[in-house]
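Asks: Take a look at the letters that make up each chain.
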Amino acid sequence: AQKVTQAQTEISVVEKEDVTLDCVYETRDTTYYLFWYKQPPSGELVFLIRRNSFDEQNEISGRYSWNFQKSTSSFNFTITASQVVDSAVYFCATTGANSKLTFGKGITLSVRP
Amino acid sequence: GAGVSQTPSNKVTEKGKYVELRCDPISGHTALYWYRQSLGQGPEFLIYFQGTGAADDSGLPNDRFFAVRPEGSVSTLKIQRTERGDSAVYLCASSLYRDNEQFFGPGTRLTVL
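Chains A and B supply the protein sequences, listed in that same order.
Under our numbering, think of the first position of the first sequence as 206, with each following residue one higher.
Under our numbering, think of the first position of the second sequence as 109, with each following residue one higher.
Per label pair, the in silico range of CB-to-CB distance:
no.	chain 1	residue 1	chain 2	residue 2	range
1	A	Ser-315	B	Asn-170	34 to 44 Å
2	A	Glu-249	B	Arg-172	19 to 29 Å
3	B	Ser-146	A	Ala-206	16 to 26 Å
4	B	Gln-158	A	Ala-206	14 to 24 Å
5	A	Arg-268	B	Glu-179	38 to 48 Å
6	A	Ser-217	B	Glu-179	39 to 49 Å
7	B	Gly-159	A	Glu-249	24 to 34 Å
8	B	Pro-178	A	Asp-234	23 to 33 Å
9	A	Gln-262	B	Val-120	43 to 53 Å
Subject to a maximum C-alpha distance of 27 Å in a straight line, what follows is the list of computed DSS-like cross-link-like pairs (lysine-lysine):
no.	chain 1	residue 1	chain 2	residue 2
10	B	Lys-119	A	Lys-310
11	B	Lys-119	A	Lys-243
12	A	Lys-243	A	Lys-275
13	A	Lys-208	A	Lys-275
14	A	Lys-208	A	Lys-310
15	A	Lys-243	A	Lys-310
Quick caveat, the hints were computed from the structure, so don't treat them as lab data.
Computed from a prediction, not measured in an experiment: that's the story for all the values here.
Here a beta-carbon is modelled for each residue, glycine too, at the ideal position from N, C-alpha and C.
Work out the full structure: start from the sequences and follow the hints.
Replies: See below:
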């Protein structure tokens, strides 16, 4: 069975600060996928990224970047120059041999103007 | 194109009643998932359909919960003899194929009085 730990529960930053959201996962599967989702106050989960366990290349998309380290079972998410619109709950998740998502408990990010 | 839609958006019912929650996936998506999200938690897997068949129903909490997807598109989650503990947001997601990114609907907030 998979497990995702998001040790940070709430983070508060001032606009334009960089912020990193941590994610540690556990799995016995050799092939798995890692995901990040954003849940703004409106409630709808928004897909951000999906990574294959065989692809450890870091990824950058605009102000977002992801650091996948298989050696530490971590898949951390950094927002550069945060904005108020980034305020949301962020979930890390994984799938394994089954394709169901196992989510962490989420990190509430508040970006103050 | 249209995203995943769910109806109703809110459902209030009395303990012991029967409810049906509907999910319309993204057109052409073969995989459909149901999750349940309680306040302050990440979504928890309930059931996964590949086409018309339930490929994994290991997350259904008990036999009061049942889901169907008779034509491989729309799905209905059915809850019999509702209990107050069933109150949560029920989320539906679909993906093109298994292991692809899952796109979520806005959810149905179920309140059992």
